[in-house]
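From just these sequences and the hints, can you work out the full model?
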Amino acid sequence: AVARNLLMTMGRLNARDLNTHPDLREAGPAGRIDPTYFQQTMEYRQRVGQVLEGALRMACTLRSYDLACAIVDATVMFKIGLVDVDDEKQLAWFKDLMSRQYGPGGTPNLDVGEKYLGVPVPSPEPKKEDGTPKTESEMKEEAKNRTARMVMQTKAVTTTDEKMALEMQITRTHAEAFTKAKIAQCQQQGIPPQMAMQAYRESWFILVRARKVGDDGATDATWDGVLNVRDSDGKLHTA
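By the count of the working numbering, the sequence shown reaches residue 239 at its end, each step adding exactly one.
Rather than coming from a laboratory, the hints here were simulated on the basis of the structure. Watch out, some of these pointers could steer you wrong.
Claimed, not checked - For each label pair, taking beta carbons as the anchor points, the in silico distance ranges come out as:
no., residue 1, residue 2, range
1, G217, K128, 44 to 54 Å
2, E129, P104, 42 to 52 Å
3, L6, A165, 38 to 48 Å
For every residue, glycine included, the Cβ atom is placed at its ideal position computed from N, Cα and C.
This is the structure we're talking about:
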């Protein structure tokens, strides 16, 4: 079982080279491919995805930034089929693939705008003062301007019972080009675009790390926030 899992893992990490190999392309039309492998590969990918998701939740629970980064990298490698997420050739290949498939503006990208860190302010009310519900455009406009208003009204955390929130305004710059290309693909394949878009999901990981600051304002560099570890003085951090 271990050897089989290792073969499945290496096959997935090298999926780009394997799927474009000349021998595989010739074997398909000739009927020399065992469908069992691909069926088992899909099942294995699903199981590994669940394991990685659970490991990421554990890393976040432990507040381990380094472990969370490593798991996110592993998830990207496994889902796309890359041996190294930092390889410039692999990155160039992926960007070129997305550009050819979804157009010049279709490469997934997030534009992080205004950011707010402090005591949360109330969310916009879904209804107007007269009790009538707000329109979708009105709600979007309020959400769009909310972060900018919060920056102007920033209130620092001053007591131990106050909660702190990090909110940011994010724009999916690829959304329009990607959606148009996706709908065109569905129409060519005879698939209802509504069904395809409902099943479509995008996963974005935003990792945030904080440093402990002492009473004198100095940053504590001996502890990176991970729970249940000892710092350079041997102190065990559990919270």
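Okay, the hints, checked on the actual structure:
Look at G217 against K128: about 45 Å separates their beta carbons, and that is inside 44 to 54 Å. Under the hint 42 to 52 Å, the C-beta atoms of E129 and P104, about 45 Å apart, fit the expected range. For L6 and A165, the Cβ-Cβ distance of about 43 Å falls inside the hinted range of 38 to 48 Å, so the restraint holds.
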